[in-house]
Amino acid sequence: MSIEQRIRDLGIDLPPATAPWANYANAVRTGDLLFISGKGPTPVNERPPKGRLGAEFSVEDGYRLARSAGLDLLAVIRTELGSLDRVAKVVEIQGFVNATPEFEEHPQVLDGCSDLLVEVFGDRGIHARSVFGATSLRAGFPVILKGVVEVSA
Amino acid sequence: MSIEQRIRDLGIDLPPATAPWANYANAVRTGDLLFISGKGPTPVNERPPKGRLGAEFSVEDGYRLARSAGLDLLAVIRTELGSLDRVAKVVEIQGFVNATPEFEEHPQVLDGCSDLLVEVFGDRGIHARSVFGATSLRAGFPVILKGVVEVSA
Amino acid sequence: MSIEQRIRDLGIDLPPATAPWANYANAVRTGDLLFISGKGPTPVNERPPKGRLGAEFSVEDGYRLARSAGLDLLAVIRTELGSLDRVAKVVEIQGFVNATPEFEEHPQVLDGCSDLLVEVFGDRGIHARSVFGATSLRAGFPVILKGVVEVSA
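Residue numbers (the numbering used here), protein chains in the order written: chain G, 1 to 153; chain W, 1001 to 1153; chain A, 2001 to 2153.
Some clues are possibly wrong.
Under the rule of at most 27 Å between Cα atoms (straight-line distance), these lysine-lysine pairs were calculated in the DSS-like manner [said to hold, decoys possible]:
id	chain 1	residue 1	chain 2	residue 2
1	G	K89	W	K1050
2	A	K2050	W	K1089
3	A	K2089	G	K89
Pulled from the structure, derived: some chain A residues nowhere near chain W, Cβ distances all over 12 Å [said to hold, decoys possible]:
id	residue
4	R2047
5	E2060
6	E2119
Note that these hints are calculated values from the structure, not bench results.
Please read all numbers here as calculations on a predicted model, not as lab measurements.
Beta carbons are placed, not taken as given, at the ideal position from N, Cα and C, and that holds for glycine.
Please build the complete structure, drawing on both the sequences and the hints.
Spelled out as structure tokens, the structure:
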């Protein structure tokens, strides 16, 4: 089954990719690799989410926020490549979690994106990943994700 | 116009690349990609800048500091490749900003590097990027940048 | 001399690679590049190390902890490729150091991994690298490392 078909079957309605915030691109391709800029969760009721894991947001919130940021990564990939079917595999995801010094559950947050990628891409969505607590993020975002995917020829 | 000609026309005088701090290289090439180590801003009056965004440094300071670190990235690229004209494109920049928990203007800081890259490389300088607040950086540096560029054959 | 022979001569006994914590892989290969997930130091007396550089851990502790995490990176590489002899070169290492805001000696911590890689791989182990202070890491880990290596055909 095609990825675009699967994402429809899953009932996932990708928003348009958000614009870059400044003098850079959402993604740059080199050879078969597409490097994707850092993306945050999309606004809820027009308000961009703001706050830290371990304070304003719970682990469950974080999971949803990472899934939301993951949807923006998918939207960027579709915009850049024309179709998600052109993804040969997801190579790497890195997660920045706006977190308190005491926070320890970064993986459970990043799972929101990882689970999304495996739902959508199946085995091709199983990626290398890393995550850490940032002391602050742009606009107070709770989560930012960046990634690298391999494009099929 | 060649990039080396353009950088002269812009009046940018690249300092020599700073040395790695330990048992590693300023850059490593694999295939057409050059991975560049983290670089900080160069000293002012022989004093390396030290402090955090949101405390000792303003956003305007941060912009200049990111531009300074970007100049060191360019110096590394020139040293590794012999000429900036061998850069096919800038693929990715990641910025670490030494910041307070309240700081929210990381993109405006990183713009100092992004604007430099687009001045120097034009369309070839439009990169993917990400940025986050670090709780501390080596030697108290306010900004560290790393990057990946594609080399023309 | 082969790398596998050298690592035996050095008396380094690699532990089995630790398992991914969730819905992702220890490493993903794309072309000649192997992207490796973030890895922390292995447990001491069955207790995973927990704490921050600049507080619970000294720089000397950090050096040992980064070496320990580097051993897990090596274990992942061996598991993925079958043999460390298939590493053409180490391309990049990124270190996340769980650190206080005052901590400034991140390079000396990361050296624990860098020195290990050069011991094991010689010139092929000289990598690009970057390091920053994270405000928190999963499970309170003091250090997490991720990397990219080039695989020989």
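Here's how the hints hold up against the structure:
Proximity of K89(G) to K1050(W) is assessed by CA-CA distance (about 41 Å); at most 27 Å being required, the pair is judged violated. For the given pair, K2050(A) sits about 41 Å from K1089(W) by alpha-carbon distance, which is inconsistent with the 27 Å threshold. Taking the CA atoms of K2089(A) and K89(G), the gap is about 23 Å. The hint holds against a cut of 27 Å. The non-interface label for R2047(A) is consistent with chain W: the shortest C-beta to C-beta separation is roughly 24 Å, beyond 12 Å.
E2060(A), annotated as away from the interface, keeps every beta carbon of chain W farther than 12 Å; the closest lies near 15 Å. Interface exclusion of E2119(A) from chain W breaks down, the closest Cβ pair being 10 Å apart, not more than 12 Å.
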